[in-house]
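S.K.: Assemble chains B, C and D onto chain A, guided by the hints.
Protein chains: 4
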Amino acid sequence: MEKSIAVVGGDLRIVKLVEMLVKDGYTVYTYGLEMSEDLLRLDKVEICPTVNEALKSSKVVVGPIPLSSDRRNLSMPFSNIKLNVEDFISCLSGKTLIAGNIVEDVRKKLEESKIPYIDLLKREEFTVLNTIATAEGTIQIAMEETQKTLHGSKVLVMGFGRIGKVLAKMLDGIGAKVYCEARKNEDIAWIKAYGYEPIHLNHLNEHLGEFDIIISTIPFQVLDKERLELVRKDVVIIDLASNPGGVDRKVAKEKDLKLIWALSLPGKVAPLTSAIYIKETLYHVLKELQ
Amino acid sequence: MEKSIAVVGGDLRIVKLVEMLVKDGYTVYTYGLEMSEDLLRLDKVEICPTVNEALKSSKVVVGPIPLSSDRRNLSMPFSNIKLNVEDFISCLSGKTLIAGNIVEDVRKKLEESKIPYIDLLKREEFTVLNTIATAEGTIQIAMEETQKTLHGSKVLVMGFGRIGKVLAKMLDGIGAKVYCEARKNEDIAWIKAYGYEPIHLNHLNEHLGEFDIIISTIPFQVLDKERLELVRKDVVIIDLASNPGGVDRKVAKEKDLKLIWALSLPGKVAPLTSAIYIKETLYHVLKELQ
Amino acid sequence: MEKSIAVVGGDLRIVKLVEMLVKDGYTVYTYGLEMSEDLLRLDKVEICPTVNEALKSSKVVVGPIPLSSDRRNLSMPFSNIKLNVEDFISCLSGKTLIAGNIVEDVRKKLEESKIPYIDLLKREEFTVLNTIATAEGTIQIAMEETQKTLHGSKVLVMGFGRIGKVLAKMLDGIGAKVYCEARKNEDIAWIKAYGYEPIHLNHLNEHLGEFDIIISTIPFQVLDKERLELVRKDVVIIDLASNPGGVDRKVAKEKDLKLIWALSLPGKVAPLTSAIYIKETLYHVLKELQ
Amino acid sequence: MEKSIAVVGGDLRIVKLVEMLVKDGYTVYTYGLEMSEDLLRLDKVEICPTVNEALKSSKVVVGPIPLSSDRRNLSMPFSNIKLNVEDFISCLSGKTLIAGNIVEDVRKKLEESKIPYIDLLKREEFTVLNTIATAEGTIQIAMEETQKTLHGSKVLVMGFGRIGKVLAKMLDGIGAKVYCEARKNEDIAWIKAYGYEPIHLNHLNEHLGEFDIIISTIPFQVLDKERLELVRKDVVIIDLASNPGGVDRKVAKEKDLKLIWALSLPGKVAPLTSAIYIKETLYHVLKELQ
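Line order of the protein sequences matches chains A, B, C and D. Residues in the first sequence are numbered consecutively from 773, following the numbering used here. Residues in the second sequence are numbered consecutively from 773, following the numbering used here. Residues in the third sequence are numbered consecutively from 773, following the numbering used here. Residues in the fourth sequence are numbered consecutively from 773, following the numbering used here.
Keep in mind the hints are simulated off the structure, nothing from the lab. For clarity, every value in this text was computed on a predicted model and none was experimentally measured. A couple of the hints might just be wrong.
[As the list claims (entries may be wrong)] Below, in silico cross-link-like pairs of lysine-lysine (BS3-like), each with a Cα-Cα straight-line distance of 27 Å or less:
1) 1040(D) <-> 795(A)
2) 1022(A) <-> 886(A)
3) 1005(B) <-> 1040(C)
4) 949(C) <-> 956(A)
5) 816(B) <-> 1051(B)
6) 1005(D) <-> 926(A)
7) 949(D) <-> 949(B)
8) 816(A) <-> 956(D)
9) 956(C) <-> 1005(D)
10) 997(C) <-> 1022(C)
11) 795(C) <-> 1005(B)
12) 1059(C) <-> 775(C)
13) 1051(C) <-> 1027(C)
14) 1040(D) <-> 949(A)
15) 831(D) <-> 1051(A)
16) 1051(C) <-> 956(D)
17) 956(D) <-> 894(C)
18) 949(B) <-> 956(D)
Just chain A, with the same shape it has in the complex (with noise of 0.2 Å):
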């Protein structure tokens, strides 16, 4: 039986996605794609010349994560072309889209047109294997900014879910004095279990000027004016908060403090694995259709 799979857009991760479906015996119907070079040398991937041709001989069809960057054309890096998104979907019926951040009027739209949607950044096990990058894109980035090794230094990890998780798993693992501050008695006893620090966010105040490094993964601002005041001078934040970040960046601009506001590691640091993340959470979603 003959495997065939329509991909439209999409940047890296996509092309190396592309690839191991070939790897695993798919054929390719591409649009969108057609300036990478490395695509052009398969033999089972077909660069269409419309997106209609992409779509043909696939029920399902594999779009940019995410979907799109400017909420009006797709995200296609890789391409000369522009598609717009409402173009797009008008093109979809019969199918099944599978893409990333599908926003709430997109997602409006595709019901309306009874088109079935599947958001991979909605899928928790897609969402876990990002935190491996993340978390790991984070190291990379405070090895760079600081003058000290990890090993040894006082590192500070507020919020204790997903990320922070993974996180602390890591840096402990490299060798740095770890710390997790939480709200919940509850996460403060899983905190004690994985043998890190804990601090409760009511002593948070008493112990923000030990630390060399500080890494915000809470998605509001903790770290605001008067936190900022307790900081050490030489200390370096990162943030993985979007918008608008666990920090007042204001204030720490101010105080002329080294913060770093880190989005979209994954993708960044790590398009292969990325890549891998997104093929794994596909072969679940194609499953589930079957």
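M.R.: Quick look at chains B, C and D alone, frame taken from chain A:
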């Protein structure tokens, strides 16, 4: 301000708890602990002749964990007295009861009598902390029951919930080759993130013959007759799930497999640490009651 | 080409070794193991009536570890026969003896008789491997002898040689707070590199009162009367050093301290793993003899 | 009692060292560091106009690490002055020189002039501590040069000496699949004890095609033409050995392999931590000189 608290019944962990409460400045009024010699020596512990005497000076009453072992009388191994659960409840008017494993019909009676109660075993932070002692007790059993070192042994942990997570970490830390079984793709992703070998339930049977040790944390019978056919004859199986457990005991016996059913480990292997967990959780509760 | 080997005497580890040799294709000629039921069932194991019969078909002879326990007869717990060490040597002409703990005067006799010999306990790789089982056995003892979890306990490892290194790693892996004592600045640097808390011998006394567990790997009496005054009353001390050990036993007893003197752990806690180590080392030796 | 010390030349690590010495209460007399703005601001740092002025008040002189980069003048990147090594030596009468990498003919001259000297790079504790920064710098390079996460990557560490040991531990801690190559059975045993996958040099060739990353710590050419034929095309090779290194550079280039030759990492990636190591070792030396 003087701090006082009432403690009625309980095992060695409660005795240790009383010692720590005294150390922290409490006067403790006890009933049903009169045979503990350790407590007799302490200044600020009152051994009260009646339960009412013990309850007089405190609004909060700490009871046994579990509250009752026979569903009739309070669990009081350090006493020669018998105290009926209903009689106990009838003394609690105006008090708050803190105990462990308060069963359905006792809960009902407490509610009818409008007596507020807190079940420590339902507190997430206590459950997480207990996981540490359970995991360590499991490792002790595994060491005692095998003729091999855990280091280098292939160990399967079935289920990646609270106990699975902590147990896998410790086994890995001691040098075992750790495999974790799970059903959900999300858990498989976590197992990868933590660096253990993931085995999806769908593929479990292909691997069952590889393990030196199998530890089940799943509360339903995953190791059934069919699967027990697949394990090694010299495997050691440890079942951590409460009744009916995760292993077909009858088949295991017929096949002469080494199966250890290990329950209530924290109190057995580490009563002192367990008492510390109780104290920490008790303090959280007291703070919330203020 | 047929492979055969002679095995004379030895304990459970040697019995397990014989089983593994058979599995690897050897025919094994044994003497002094006739009471092991496990061996009787094996096809390719010959139970020889005389030691000469056993030695006939092999140029290499595996003897007990230790060769003798009473300095007179071979160590043969799986036999009703007594075999004098000198009588044994007189049969070895033209053979190579591989055994453990061959003492000075036996070595002399072997040399006089021009019989080549290899003491497994002097093989560095065997000693290192044995360290794994010793460390794990120590952890088992520590778990059994304390009422606390190792996780979260403060543990002092005295001496950072082979055993200290492996033990510290395992203790850390299980979640203990690990402190390592050493005399040399170089060892202190290693302790830091591995991420444990270093304590220089010069500063030991200031810290001795902090530990839940103290494990000594040092072959001379560091925990003398003066230092035993400084430890906690509820400390558990484990002494891994052979006679006279690293702890003043008399003082420890007077002060009613909990002291466990743990020797020869590998054979006791993990005879099977120990047998694997013997096998691996034996194979290295056989290869070198070719 | 006042403490004073002379410091002549050196790089950023020496600047940081001076800052820490001042913090610890020393008055520091410097020469050849006049362009460091950080030092100008410090009260207890004297910027001396001549080397003799700097040496006047101290019996111990700290020189650059390495003493000279061009075998002619002192290594003084924070100075506009040139100071010839021989001229420097002629000022040292009655002093003790502490510096790094003092080469053969300089050593001879110092001995002829009866000037005691200590080479920090020959101090075992300093070498071990430096290993931490080297290992961490290597991990930073590996992260920067690959499109994959280290987590989950197969990494080969060649050589199990000081750097190999610390590097393997950190790689394992971050979640890489760590393989260690060694020649000696003893090292293979250590690799097992620490829980990495051992590969004996005799079996290296069979495995070379499996690795995402290969890190060589061996000071002779193990990755020769023949072996470079066996590695993957997309492998990243990091060579930590000083000239001539452990990899056939010419062949690596011909085959278009990604090869990074990484030297003197501690000073580059973690000058501050490096300065702390220098300080700790210096204090040991000062104590021994008393």
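S.K.: Out of the numbered hints, which ones does the structure contradict?
M.R.: Of the numbered hints given earlier, those the structure breaks are 1, 2, 6, 8, 9, 13, 15, listed in rising order.
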